[in-house]
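Order-wise, the sequence lines are chains A and B.
Each residue of the first sequence is one higher than the one before, counting from 1 in this note's numbering.
Each residue of the second sequence is one higher than the one before, counting from 273 in this note's numbering.
Simulated from the structure, these hints should not be mistaken for lab results.
Computed from a predicted structure; not experimentally measured.
The beta carbon of each residue, even a glycine, is placed where N, CA and C say it ideally should be.
Some hints could be false.
Unchecked claim - Pairwise CB distance ranges, derived in the manner of DEER restraints:
hint, chain 1, residue 1, chain 2, residue 2, range
1, B, R549, A, A85, 45 to 55 Å
2, A, G121, B, R549, 22 to 32 Å
3, A, D122, B, R549, 26 to 36 Å
4, B, K310, A, S152, 25 to 35 Å
5, B, A554, A, F29, 38 to 48 Å
Claimed, not checked - Looking from chain B toward chain A, a few residues come up when the C-beta cut is under 10 Å (computed):
hint, residue
6, D455
7, N458
8, P477
Okay, here's what each chain looks like letter by letter:
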Amino acid sequence: MAITTGDRAAAQAPPRPAAIGIRDVSKVFTRRGATVRALEHASLDIAPGEFVSLIGPSGCGKSTLLKLIAGLLEPSAGTVTVDGAPVTGPLPQVGVAFQKPTLLRWRTVLDNVCLPLVIDGDRRPESREHARRLLEMMGLAGFEKHYPREMSGGMEQRVAIARSLVNRPSLLLMDEPFGALDEFTREDLNDELLGVWQREPKTVVFVTHSISEAVFLSDRIVVMSARPGRIHASLPVPLPRPRGRELRDDPAFYEAIRDVRAVLDEAKGAGR
Amino acid sequence: MKTRTAPSGGTRADLASLGALDQGGAAPRRRAEGPGLKSAVLAVLIFVVLVAAWQGAASAELVSPLILAPPGEVIEVLVRLAVIDGTLWPNLLATVQETLLGFALAVAAAVVLGSVFAFSPILRNAVYPYILASQTFPKVAIAPLIVAAMGYGLAPKVTLAALLAFFPVLTNTIAGLTEVSEDEVNLFRALRASRWQELRYLRIPNALAFIFPALNSAAVLALIGAIVGEFVAAREGVGYAIAQYTVTGEVAATYAMLIALSIFGLAVYGVLSLAERLVRRAQ
Ligand SMILES: Nc1ncnc2c1ncn2[C@@H]1O[C@H](COP(=O)(O)OP(=O)(O)OP(=O)(O)O)[C@@H](O)[C@H]1O
Ligand SMILES: [Mg+2]
Numbered sequence: 001m002a003i004t005t006g007d008r009a010a011a012q013a014p015p016r017p018a019a020i021g022i023r024d025v026s027k028v029f030t031r032r033g034a035t036v037r038a039l040e041h042a043s044l045d046i047a048p049g050e051f052v053s054l055i056g057p058s059g060c061g062k063s064t065l066l067k068l069i070a071g072l073l074e075p076s077a078g079t080v081t082v083d084g085a086p087v088t089g090p091l092p093q094v095g096v097a098f099q100k101p102t103l104l105r106w107r108t109v110l111d112n113v114c115l116p117l118v119i120d121g122d123r124r125p126e127s128r129e130h131a132r133r134l135l136e137m138m139g140l141a142g143f144e145k146h147y148p149r150e151m152s153g154g155m156e157q158r159v160a161i162a163r164s165l166v167n168r169p170s171l172l173l174m175d176e177p178f179g180a181l182d183e184f185t186r187e188d189l190n191d192e193l194l195g196v197w198q199r200e201p202k203t204v205v206f207v208t209h210s211i212s213e214a215v216f217l218s219d220r221i222v223v224m225s226a227r228p229g230r231i232h233a234s235l236p237v238p239l240p241r242p243r244g245r246e247l248r249d250d251p252a253f254y255e256a257i258r259d260v261r262a263v264l265d266e267a268k269g270a271g272r
Numbered sequence: 273m274k275t276r277t278a279p280s281g282g283t284r285a286d287l288a289s290l291g292a293l294d295q296g297g298a299a300p301r302r303r304a305e306g307p308g309l310k311s312a313v314l315a316v317l318i319f320v321v322l323v324a325a326w327q328g329a330a331s332a333e334l335v336s337p338l339i340l341a342p343p344g345e346v347i348e349v350l351v352r353l354a355v356i357d358g359t360l361w362p363n364l365l366a367t368v369q370e371t372l373l374g375f376a377l378a379v380a381a382a383v384v385l386g387s388v389f390a391f392s393p394i395l396r397n398a399v400y401p402y403i404l405a406s407q408t409f410p411k412v413a414i415a416p417l418i419v420a421a422m423g424y425g426l427a428p429k430v431t432l433a434a435l436l437a438f439f440p441v442l443t444n445t446i447a448g449l450t451e452v453s454e455d456e457v458n459l460f461r462a463l464r465a466s467r468w469q470e471l472r473y474l475r476i477p478n479a480l481a482f483i484f485p486a487l488n489s490a491a492v493l494a495l496i497g498a499i500v501g502e503f504v505a506a507r508e509g510v511g512y513a514i515a516q517y518t519v520t521g522e523v524a525a526t527y528a529m530l531i532a533l534s535i536f537g538l539a540v541y542g543v544l545s546l547a548e549r550l551v552r553r554a555q
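So here's chain A without its partners, still in its complex pose (with noise of 0.2 Å):
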């Protein structure tokens, strides 16, 4: 099975991968009285074509961040800015992968993947081959005409992350997208956005909680603490690319991983 999409996405030439700037940013939520630090004087820049990888114990404002780059939310304090320009609102050329698959029940899988082009106004025929091709890359193949109803919930969050990907984004961020998938086809779906990622240069901001998978995936993984959420640590990843699945078996990983660990079991610490 050999996928084909790089040869249009070079004839179309896709815009620059973004860089992202985010400066002393805090993000407080109030709800009925209560007040939760979400996020604390968070500082992070992130270069273009970059793939980081946000890490960190659950609450600690890893989705808030994600959505204040998407600008779905707007920061208490600080600033955040994509190719220098402050984010007031949401950008074209981003694509989103929520954390709930969130795929509207009423279209079919195909259709689902193909809404950010409807919304574009893109009706080319061959956009709709590149959808169908995202699938087949997602293994999903033969469910193009599935409703999300009669798919199970690791399936959903790869129709959604084919959905993220169909307008060719300069910035992709994506909000553990492979959680509810087993070990093997996590690995696969690495391997091929690895894939994309190169075929396609682009930014990519990468919530999980999974370590192997941020160190395979990333040029950084930045480690955040909960209870104010703040970021903990920023550590590159010193493993050469391309990254092919052979770096599974490589020491290099495992101490990679190891390190990693270490500066997270900190981090937890740090939030208690």
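Following the hints, position chain B with the ligands against chain A.
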């Protein structure tokens, strides 16, 4: 370009499980024929038992013949009313007309008003309490008032039908347009959808799933409204006919009218189901 050389065991296992799921999807459909057939047999059986019980109760005069007519006589009268003297038709037609007009009016008003309420929380909060209060008294109680105000013609029946049918459609329209999840709204925001696109691709399809079930109860309520209106004062209609037959002691004719009404009800149900399927497909 990336080529998948050796498909991993994981992929194969995954694809196999997907295949299994596909079969799993088909299997219940195949099995469904069994229960489908059994249900049909059971339904016929229930019908036979009910008619037998009805016949038995009538012949044994367990219930006074002034209240219960035997099924054979009812069918006989139904045939007479429908075919021989044809008096069924003007009455049924009048009731059907009142019901459908009231239903259409109610649905149109409820969908329009419901949409306005859905998008204007200020207006909703201001007006909704009154609409809610109007629901707490039984509207059939004001049927005589409405007839007194509007006369003996079509208008009071249509009004009653519409009043009764209005509320379920209104509440479900509001619910359908507003009850979308935060994630769904965020998805559309992230895609930079316009308000119209959010309506077209999220809120309206979501609302349809709420509105169609409400249409069924609205149709039944419209029929009740029309019949009650006819009870109060009318020159024709099923309610009028039933009131007459009760006075003249033609019990079987009353039952014949009820059977005609339920056939009409089934037809409405069928048309609504068909409409729902067509709209779903059009999406
Ligand atoms: N809309 C909201 N209103 C109020 N509080 C919120 C809201 N969104 C998030 N929070 C709170 O902010 C904190 C951080 O939430 P967030 O979803 O960013 O965590 P997370 O790191 O993504 O956790 P998880 O790994 O469980 O997904 C939590 O304490 C959460 O309760
Ligand atoms: Mg989260």
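Right, here's what the structure says about each hint:
Against the hinted window of 45 to 55 Å, the Cβ-Cβ separation of R549/B and A85/A comes to about 48 Å, which satisfies the hint. Evaluation of the 22 to 32 Å hint for G121/A and R549/B yields a pass: the beta carbon distance comes to about 29 Å. In this structure the supplied range 26 to 36 Å holds for D122/A paired with R549/B, their Cβ-Cβ distance being about 29 Å. In this structure, K310/B and S152/A meet the distance hint of 25 to 35 Å, their C-beta atoms being roughly 30 Å apart.
The hinted range of 38 to 48 Å is satisfied by A554/B and F29/A, whose Cβ atoms lie roughly 41 Å apart. With a cut of 10 Å, the hint placing D455/B at the interface with chain A holds, because the nearest CB-to-CB distance is about 4 Å. Contact between N458/B and chain A, as hinted, is supported at the beta carbon level, the nearest pair being about 5 Å apart and thus within 10 Å. Because the closest C-beta pair between P477/B and chain A is about 5 Å apart, less than 10 Å, the hint holds.
Figure legend: structure checked against the earlier numbered hints; every hint is met.
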